[in-house]
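Enquirer: Given the coordinates of chain A, work out where chain B with the ligands should sit on it, guided by the hints.
2 protein chains.
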Amino acid sequence: MFDILLSTQSEQPMYIQLYRQMRDQIRNGGISPGTRLPSVRSVQLQMNISKTPIETAYQMLLAEGYVHSKPRSGLYVIDPHTDKPASPAHPDHVRAFSAMHPTRAEPVPQKVAVDFDPSAVDESLFPLRIWRKMLHEALDSHAGVCRYGDAQGEYSLRLVLAEYLKNSRGVNCSPEQIVVGSGISYSIDVLSKLLSGRQTIGFEEPGFAPVREQFKHNGFQVIPIPVTDKGLSLDELEKSDANAVYVTPSHQFPLGPVMPYAERERLLAWARARRAYVLEDDYDGEFRYFGKPISSLQGIDRDGRVIYIGTFSKAFTPALRLNYMVLPVELAEKMQRMPYLLNSPSRIDQWAMQAFFEQGHWYRHIRRMRNAYRKKHQRFVEQLQLHFGERIEITGHSAGLHLLVTIRTDRCSRTLLELASQQGVRVYDFSQMWMETPRTPRYPQLYLGFGGTSERDIELGVKLLQKAWHEILV
Amino acid sequence: MFDILLSTQSEQPMYIQLYRQMRDQIRNGGISPGTRLPSVRSVQLQMNISKTPIETAYQMLLAEGYVHSKPRSGLYVIDPHTDKPASPAHPDHVRAFSAMHPTRAEPVPQKVAVDFDPSAVDESLFPLRIWRKMLHEALDSHAGVCRYGDAQGEYSLRLVLAEYLKNSRGVNCSPEQIVVGSGISYSIDVLSKLLSGRQTIGFEEPGFAPVREQFKHNGFQVIPIPVTDKGLSLDELEKSDANAVYVTPSHQFPLGPVMPYAERERLLAWARARRAYVLEDDYDGEFRYFGKPISSLQGIDRDGRVIYIGTFSKAFTPALRLNYMVLPVELAEKMQRMPYLLNSPSRIDQWAMQAFFEQGHWYRHIRRMRNAYRKKHQRFVEQLQLHFGERIEITGHSAGLHLLVTIRTDRCSRTLLELASQQGVRVYDFSQMWMETPRTPRYPQLYLGFGGTSERDIELGVKLLQKAWHEILV
Ligand SMILES: Cc1ncc(COP(=O)(O)O)c(C=O)c1O
Ligand SMILES: Cc1ncc(COP(=O)(O)O)c(C=O)c1O
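Residue numbers (UniProt numbering), protein chains in the order written: chain A, 1 to 474; chain B, 1 to 474.
Misleading hints may appear alongside valid ones.
Treat identical chains as interchangeable: a pair holds within one or across any two.
Mimicking PhoX-like on lysine-lysine, the simulated pairs with C-alpha atoms at most 20 Å apart in a straight line are [to be verified]: (1) K463 to K375; (2) K334 to K216; (3) K111 to K463; (4) K51 to K166; (5) K216 to K193; (6) K70 to K111; (7) K193 to K334.
Keep in mind that the hints were calculated from the coordinates and are not lab data.
Chain A extracted, bound-state conformation (with noise of 0.2 Å):
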């Protein structure tokens, strides 16, 4: 059986020790991939203690993909270096709030060689050694470790924001009109609040589910407006009784199209028509591939109109939870009059992010990260051109980190859903991106995302793919 040695005058909780013990035995091979778990009660004998300490410890193993459970058999080792231990690909209990991952709704398969998700970014290029110099320091330099920050975010934050904004996305701000939040679902929460009295909503359709069912949650009134190649539609969006509308301009979400200037004009002499506001979400404004960059809406709206919305989320990672959103003056002078209404992140990451920008590697990193993307789009469109021809259509891959792919067969885009996942290949339908049954194309359109796949894994799976579907092409 395995060395353990637990103490009772140790600091740590029996089922602490328990756990770091094995794992790191684990982890430096003392007990081998493959090896089958003592059972708890022969822990239980062995060590003489009680069966919760054990049973957590493994829950906890467990949780972390230190082992995987065979069903009426026990928990396995896993090898460390080839099932990637720390990050169990989709355990039963973890519910990813990415809107790309609605999970149970879809298939999951058993081994995903290839992951087309949407929502990861490259994990390999994340400057891991800089950030943690930047926590470093934040930590370091910084008063007020053990203070409530400014609700809004910090002010110092908000000064680089401004100017960055400024400067890359054409956006015309002060910082008080900025409010750095944890994720879009915070910037919603505190919309919802501000503009209470507009309660109907144009949406795009089909469009992002989670900002969408928020605004249900939060006592809206949704309306779904089709999206046309030149983004929403503005005929549908001038008949509807909305007061405010949300749009994806950059890169309409999901479908791809560009919202060109003259909608860009007609939507905001609507929004000026109605006193209405318009809600940007400019997800991924940073990454866009042909065509020269197009700058805000917000920057173009000379009436205080807009509420535009970025986020660290795609351009830098999902983990840290850092967005932001640009108030007009008139909201964020309503904002200043609403106590108890903000509650801001992490000072220490705020400070950290600071940093980043002051010391110049914000923007080596966009530049590197849309280096790495173009490059990987490249091989993307290539390989699907070159395994599947004419059978396939790609669009709405000018910019950000995914395409969309129509595939010519007469199946459904859950049969197309399995087939790869027997292959070992995760794509997605998007099917909850409709708030009303889709009207049903033509062909099944699937959604692959390339942010957080390698050039050789984009060959791989996309030759899994033609070896899915090459049978039911047409």
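Expert: Using the frame of chain A, we list chain B with the ligands on its own:
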């Protein structure tokens, strides 16, 4: 003038180069304390650049407290050693979320020598080095630094918390019932959606205003229920129409009483009979100085009526914005059926906290803080008795990080605040914690926090208060 080198080749925008170079020179003494910064115009001429980057850099230095502004004169460098540069006491634009700081309403003293801020914790004992190490390990040892985490909170952290809450607060729960969040304001937003349908909530009067206001924002009807020396009045609650109630039974905020066992059972019986929910806010349950520790309401609830909320803001630091909520099984199940409801804080911070527990640091930290606060608390009470004797009465002091002091004077609390302020001492009247006009007690009551104040400053502060008030005491 200063030695500033600007490079147009640099990755860094001009204003950041300027800001950082000036900041560093202020830090290392290259620009000495008291120096007046050259005017924007003169820097512009010297450097031959536009005004905007200079103004931005100056604004940043001002925002971070490296310089202060004298009206009609300009910006002056602060003395980094005596003036606490990086943490400007209360610049206009810093609006603390802290319940205790609804700033604008209160008179802000020119120069605060001692701040008895009830929301402050002891910065000198913050385990900076260890926390840095935890962050470091979190970044190094976890895969998934570029992925969304579980929106309910990392499962492994929830496991550790379930065990901790059981041991230290008698809370019975599984990790599935825990929701990790970024502060009580997040928890209340989630709850408001889970409880939709129950629209009346009984609320301690006086009580924690941020939560009360948030329930109002969220469409609840809030019914004030008076607080007696046994906590929330059950007679009044039973008479009311409330079908939910918010309480702080371990240490009523702000008055201080502990709800006795008999009242707890009566409260639970009320909840059972009405199928009402009880929100237990256990914000400072870790700190209790007299009597035996009181376990949570949740721990004696047999009917799944209690929602338990805890925080890291008192026991660790409010800057981190990390808290947790324990839902009854019924609500946890309802939550599972509401997609996109949740949004967790940074995974990296959660991993760090998990390691902080696992390695035994948490238990050591709490013990250390409890001892330190017990000493400060004793010293504070002793000093107040020494300087004020019978002319004040101290209550609500068996737990937590603040005292409630009743002052025998015929002046109002506003006058006391102003007199204290003239001596450079900040104290708090918490008038905003009342929903309705407070029944005026015979004498004014003030709140004095000691968490963030050193023993030396406690002595100094009490002396200054004596000086401020001695002429008006009766
Ligand atoms: C359309 C859209 N908006 C916003 C976001 C960003 O959300 P958050 O900042 O909460 O991570 C995403 C991320 O996937 C998205 O796809
Ligand atoms: C009564 C009460 N509840 C809760 C909190 C904790 O709030 P949070 O966890 O959002 O920092 C505090 C902090 O001051 C408090 O006084």
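Enquirer: Honestly, which of those hints from before does the structure not fit?
Expert: Violated: none.
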